[in-house]
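Residue numbers (my numbering), protein chains in the order written: chain A, 1 to 386; chain B, 1001 to 1137.
Don't take every hint at face value.
[Stated by the list, open to error] The calculated lysine-lysine pairs, modelled on PhoX-like cross-linking and capped at a C-alpha distance of 20 angstroms, are:
| no. | chain 1 | residue 1 | chain 2 | residue 2 |
| --- | --- | --- | --- | --- |
| 1 | A | Lys75 | A | Lys291 |
| 2 | A | Lys15 | B | Lys1012 |
| 3 | A | Lys43 | A | Lys291 |
| 4 | B | Lys1012 | A | Lys43 |
Hints listed in this document are in silico derivations from the structure and should not be mistaken for laboratory results.
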Amino acid sequence: MQRITCEERPDWKDKAAAAGFRFHTIAGERYWDERAYYAFTLKEIEDDLEAPTAELDAMCRELVARAVEDERMLKVLRIPERFWTFVAASWKRGDPSLYGRFDLSYDGQGPAKLLEYNADTPTSVFETGAFQWMWLQDAIANNTVPRDADQYNSLHEQLIAGWREIGKGGHLHLAGALADPEDGGTISYLEDTARQGGLTTTALNMDDIGRTPKGAFVDLQDRPIELLFKLYPWEWMFREQFGAYLAGSATRWLEPPWKAILSNKGILPLLWAMYPRHPNLLPAHFDDDPKAADLGNSFVRKPLYSREGANVAIVVAGKAVDQDEGPYGAEGFVRQAVATLPRHDGNYAAIGSWIAAGKPCGVSVREDLSPITKNTSRFLPHAIVG
Amino acid sequence: MASQRAGGGAMKRSENVGLIVMGGAAFAATFAAGMTYFAWQKPSHAGQPQQAAAQTCTTRPDGTQSCQATQRGFTYYLFPTWGSSTNAGSAQTGRTASAALTNNARASTPAVSPSGTTRGGFGGTAQSGSLRVSAGG
Chain A
1 MQRITCEERP
11 DWKDKAAAAG
21 FRFHTIAGER
31 YWDERAYYAF
41 TLKEIEDDLE
51 APTAELDAMC
61 RELVARAVED
71 ERMLKVLRIP
81 ERFWTFVAAS
91 WKRGDPSLYG
101 RFDLSYDGQG
111 PAKLLEYNAD
121 TPTSVFETGA
131 FQWMWLQDAI
141 ANNTVPRDAD
151 QYNSLHEQLI
161 AGWREIGKGG
171 HLHLAGALAD
181 PEDGGTISYL
191 EDTARQGGLT
201 TTALNMDDIG
211 RTPKGAFVDL
221 QDRPIELLFK
231 LYPWEWMFRE
241 QFGAYLAGSA
251 TRWLEPPWKA
261 ILSNKGILPL
271 LWAMYPRHPN
281 LLPAHFDDDP
291 KAADLGNSFV
301 RKPLYSREGA
311 NVAIVVAGKA
321 VDQDEGPYGA
331 EGFVRQAVAT
341 LPRHDGNYAA
351 IGSWIAAGKP
361 CGVSVREDLS
371 PITKNTSRFL
381 PHAIVG
Chain B
1001 MASQRAGGGA
1011 MKRSENVGLI
1021 VMGGAAFAAT
1031 FAAGMTYFAW
1041 QKPSHAGQPQ
1051 QAAAQTCTTR
1061 PDGTQSCQAT
1071 QRGFTYYLFP
1081 TWGSSTNAGS
1091 AQTGRTASAA
1101 LTNNARASTP
1111 AVSPSGTTRG
1121 GFGGTAQSGS
1131 LRVSAGG
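One chain only, chain B, in its complex shape (with noise of 0.2 angstroms):
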């Protein structure tokens, strides 16, 4: 229920902001795995041969395995040269336009588990490097 401002209407501010999971420890965590994946350079699947993917595997109570890919997508934070406004005649060449919907996106190979699930199939865009890689606006 809004609460009354001074001098009668309701308020149109929010009652209460509460923070349940943006607290420091779970944004360090976030960040964490996220600087994990800054520590190694993701190899490069064009023209390569469709593999399985490396894996990382449990063994479970029963002595069966788990296992999952352990070849996660990682994405650059890219600063763009182009980033700054320029003034008409910039000596700056505006990249190619990568198209939203033309450019062929499909040049990596998903990977394959041995549940035969793939993964790899969306990201790649944002991984490209003529594209930021925040996708939001």
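In isolation and in its complexed conformation, chain A is listed as follows (with noise of 0.2 angstroms):
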């Protein structure tokens, strides 16, 4: 794995903006950077990111298994016990799952170490599964990368693939912060990849979702929400005025309710218990429980539901060296391993690898000058070199 500096296509913000890539640059600094590309060897992308995330994936979902018939999981990840048996019930149904992603550390070096799961709302996701392959084609062509260079991603076809199975060629609503750039690009861009996988789609706000008298959640035209895809999490749904009413709809959402255990730092200490010692895992324990102490007094502090780096603590040697701020804290927090993002030139890298159709199909690298990984990290694209 290396990062190799390269000079940008002088064109590239037009090419973004003919994409519908808006939000390449936030509040004026820079999102998307491809004045460097990480490189990574097929052996690399095989053997340490493709397959122990295939293996990852079959942990989280045995740990799901046993969640939704051991309430002392459920309570642990702080779910609400009123929505145990609406979870439950979505494993126990088979609801099908369209994507997650795994945030990963990696230098190259050793195992890849699981940091967390988006396995609810990643996003991302058209950086991932569309700019940076079209990045690659024009690298390719302007000798930026070698002329064989490859790149580890499937994510648009698995996309679509995802889509055609789960939709079977239906009508799709896709949901969230339209307004948002970040979001309703990520929705845009999905709902592209539905639209190829043969479903007819509506977009439309979270809350322009109604719900008639009868108990149908509905659009804004009042038509029946069959299958929702929400860019909006689980534990906000969950505590909202139609949160009541979810178990009692016969919508069927994406992410599916069972993910809510998933998308939870919960599952650190969870999983490190039921596989101590995996390579791909770091110790963890909740913040609250005495073998938290085994970690002595360095280790990364993460609340159980937060998103994008928000208070996230490090902590060495007692002290807070790196922190994000932030209003989540309040159901408790996990301790990790400390495993620092490898560092080249001066810049924080992670790996996002992505699993779309339950099969692994791509990595997304994001950059910062700061060990925490954030919404405002860079994204870096990636090639196959070797």
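Quick one: dock chain against chain with the hints and give me the complex.
Listed below in structure tokens is the structure:
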């Protein structure tokens, strides 16, 4: 694994605009960054990222299978009790999943380590599935990368395949914060892949979702919502007015309710307990578990529920040396052993390893000057070289 | 079918990434709608008695009316003051944890249309002042 500086395409912003990628720059700060790319060998991709992702997915599914039968697990994950049956029923029905993203620390020298699993609302999907592929095509043409360079990236096809399998030619609603540049763009891209998967689609804001007197969730035209993709987390929906009506609706959800178990950093200590010393796991415990002392006074403290690095603190020798503020943490924290992200040219790099339609299918690389990856951390493309 | 790499072995990249919707026109339409929402302030529903939402009505050929609520929810793209990494001892006070599960996001009263359909029962958390709008991770 190497970081290779390169010339950015002089017209990359025009190409981004033409592709509809308007959030390439966020608040004047670069988000898409092609001043460098990450080069992996095929062996690194296949042995250290692709295969472990499949294994981590299987381990997570085993965790869900256990959790839906064990209220103690649902309790430590702080899933509200009134939704336990709703979540369990989703798993037992076999509700399908479209996608997810495992965040890994990987330096090319040893096994990748799971930092967390974005199982419910992973973003950066357009940059990963489409725009970095477009970059590769140009990079080969202009000799930025070798002519036989490849990229670990079939996310686009897997999304289409997933929609085809899940939607079976029917109608899909997609909901989220459409006015947010990143969320709206992500929804737009997923809508695109759904149409290519043979579905008809309607996009709407979350608060446009209606509920009829008979209990059906409907769109703005009062059309029943049979299949809904939401870029909106389960833990927020559980606490909102319509959360009380989830169990009684006929709507199918993506990601499915059982993903609420996995989109929770509480899975880190649970996985460690299930698979101690697994090469792709880091030691982890709940913050209030006496075993947390095994980690000593250096660890990473993470809220059970948070996003984009908020409220994550890196503690070294008892002192928080880096932390991101935020509003999360009321449900509690976990501690995970420190696995500092590899540093290349002063940049900390985190790997996002994607799974879609049940298959590991791509990686994304995010960089930041700090070791905590945030929403504004830059996205860099990658290539398989050698 | 995966094409072959030089030297053998299936390529690991997408065969073809064709975008249908994600052209500039489609994206511009998305953002045009978003900018309209930014132009006016969403009235706060907190403490207000439940009432029918303002409506936009069109007349069908048979003379009946089709109405839908015009008071759509929208979200501000908030830049979190807590978004940057801080060192220990920062003077920036962390906001009290607006608990993902325990905080009450039910302050807003869902709007009810003449058909009896209630809206606004989802989305309140994203619109609260303590969380970023982006719901992704």
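We went through each hint and held it up to the structure:
| no. | hint | result |
| --- | --- | --- |
| 1 | A/Lys75 x A/Lys291 | holds, 18 angstroms |
| 2 | A/Lys15 x B/Lys1012 | violated, 24 angstroms |
| 3 | A/Lys43 x A/Lys291 | violated, 36 angstroms |
| 4 | B/Lys1012 x A/Lys43 | holds, 12 angstroms |
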